[in-house]
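Participant: Using the sequences provided together with the hints, build the complete structure.
In case you want the letters, here they are:
Number of protein chains: 2
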Amino acid sequence: MTKRIGKQTVKLQNPPSILSFASIVGPKEGQGPLGVYFDQVLEDDMFGEKSWEKAECKMLQETIKLAIKKANLTVDDINYVLAGDLLNQIISSSFMAREIQIPYIGLFGACSTMAESLSLAAMLVDGGFADYVVAATSSHFSSAERQYRFPLELGTQRPLTSTWTVTGAGATILGDTSKGNGPYITYVTNGRVVDLGIKDQFNMGAAMAPAAADTIKAHFDDTGFKQSDYDLIISGDLGKIGVDLTLKLLEKVNLDISDRFTDSGLKIFDTEKQDTHAGASGCGCSAAVLNGYLIKEILKGKYNRVLFMSTGALLSPTSTLQGESIPGIAHAVTIQRTLD
Amino acid sequence: MTKRIGKQTVKLQNPPSILSFASIVGPKEGQGPLGVYFDQVLEDDMFGEKSWEKAECKMLQETIKLAIKKANLTVDDINYVLAGDLLNQIISSSFMAREIQIPYIGLFGACSTMAESLSLAAMLVDGGFADYVVAATSSHFSSAERQYRFPLELGTQRPLTSTWTVTGAGATILGDTSKGNGPYITYVTNGRVVDLGIKDQFNMGAAMAPAAADTIKAHFDDTGFKQSDYDLIISGDLGKIGVDLTLKLLEKVNLDISDRFTDSGLKIFDTEKQDTHAGASGCGCSAAVLNGYLIKEILKGKYNRVLFMSTGALLSPTSTLQGESIPGIAHAVTIQRTLD
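Sequence lines, in order, name chains A and B.
Going by the working numbering, the residue at position 107 of the first sequence is 113; the numbering climbs one at a time, nothing skipped.
Going by the working numbering, the residue at position 262 of the second sequence is 268; the numbering climbs one at a time, nothing skipped.
One or more of the hints may lead you astray.
The list treats identical chains as one, so a pair stands whether inside a single copy or across any two.
[Said to hold, decoys possible] Calculated pairs, PhoX-like style, for lysine-lysine (alpha carbon to alpha carbon, straight line, at most 25 Å): (1) K56 - K205; (2) K185 - K17; (3) K254 - K223; (4) K185 - K76; (5) K13 - K76.
The set of hints was computed from the structure by calculation and includes no laboratory data.
Facilitator: Here is the structure:
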């Protein structure tokens, strides 16, 4: 029996329940407006390790262990860990999976990874392929900055269109509908790669906005939902510029979601006081906001139905040097506090 | 209803059928023993592009288009393309998905990507989440060599333990059982990350062998199959050294598969004449061997039941520089000519 509705969306027949969730973030994120929501705030972004890459890996690992513990499960209970990150060859995730011995599906969706992993995890549980799945991702300001941009030691000035990569990790554990009390994942919309020709690697918001708008439109087209069916539509790391452009692109197709749309990249830092320019970005941005703030607020009843979307810029330093523009992608899942 | 059997394996309830498959390889691969099997052999490994990276992307793109055409489908019919490659931020796959407008799930499993993508594709089809899925991957000798090892212009000598990265791409299209006449994917075993401490990046076979042995053992433990239930067990790119070590590791757990075990990395080149030292490697190795040679031989009746496994070495140049050893992973799927 097909669970497909429309071109890009799946309606889950037995909506998986979120059994637990965890987040660990860096010091700067801890000082931001969502600081109190995270399970752990690092005092030092080296996390006792010898490199930022190893620190990122440890952060992801500890976040996943914590989520498993919070679900009263053990590593042996989990059937799959779906994870990815921004580093070349996703070493944070692969080395995490060396320590946490669970069958491992490595993903790369740049900053769309939280929603990418959640969407696959939800389908694996709904389809009867798994009892418990971990969906997780991480990013680290210092490991990302030196890989994608400049050595931090140079002290290079950042343009105002740039965003600040979040040091943070998030993990969600999904299980069968009957195994939990929600929130539930009810719909999954996977995105296509969209590229409107942006070449400025310091303006990721603009590069990702077309993909964000494309996935939101696809979701509404496929499901027939109205904007009012959602209490909140939240993107991953578009930042100020990306949010404005997404709303403009959606206006052109007669979708006005402005009264219920926000972005994780605008929530995690106080952009003015914390000097993060256009906002926050990185896989860890939407992961920490989801697994720190958002699910807690859904459980409290602040939001009943949320469209959670992560957005990724699919560039590499090599593709930029070879003159390529920056393609974007966005994946989205519907999270409901209760099943109607 | 759970489809899980044992700790790492899933038994597909409605085994997806392989509807079509395609492969494109470079000139050296075309001159190898399997040359006649591939759909297209490039005359020039630049494929009319300005860089090896762009050539790899084009090769992947053309392979997928060809597979879709051979299945008498159009891009619009396909629900997901699951793809990944060896390049940083998997740019071959992401830029492919910019041209081929299908919802895109980016994967990173290093050289395990063909089996990783096939395993997920099979579950998405079996679970009713997709009518048609493309599983695909690619690698390119020259883009991989300069990213992972040395600039080719240096003419650096390669140790005899090293393997030659295949220039090639492969794509498989899966659909519901009823949509084709096989071969079918019947079981899926996803691997854990295993690391026995190998640090030599010029001996990938040794680094991946423990993961290969782990997944083969898990598959037999989970399913209760005997070695004689398979006509062929074929790994991705272990090469001579990796094959020997895998067999030795399996002997230790009383599994002797030596009379039916081979490796894609030993089949695609004449290692002596073509001077490829320990054999072949790269995502494109198992992808081209599967989608060029293997499925054709299954259709001809040479093999009725095959365990197809791809193996990945999850290193990055950064992790190596930071003193890390090389973890490996292996994913496997059972391919049957007919349903018993």
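Participant: For every hint, state whether the structure bears it out.
Facilitator: Outcome of the hint check:
no.: 1; hint: K56 - K205; verdict: between (34 Å within a copy, 18 Å between copies)
no.: 2; hint: K185 - K17; verdict: both (19 Å within a copy, 22 Å between copies)
no.: 3; hint: K254 - K223; verdict: within (13 Å within a copy, 55 Å between copies)
no.: 4; hint: K185 - K76; verdict: within (14 Å within a copy, 43 Å between copies)
no.: 5; hint: K13 - K76; verdict: between (36 Å within a copy, 22 Å between copies)
Violated hints: none; the structure is consistent with every hint.
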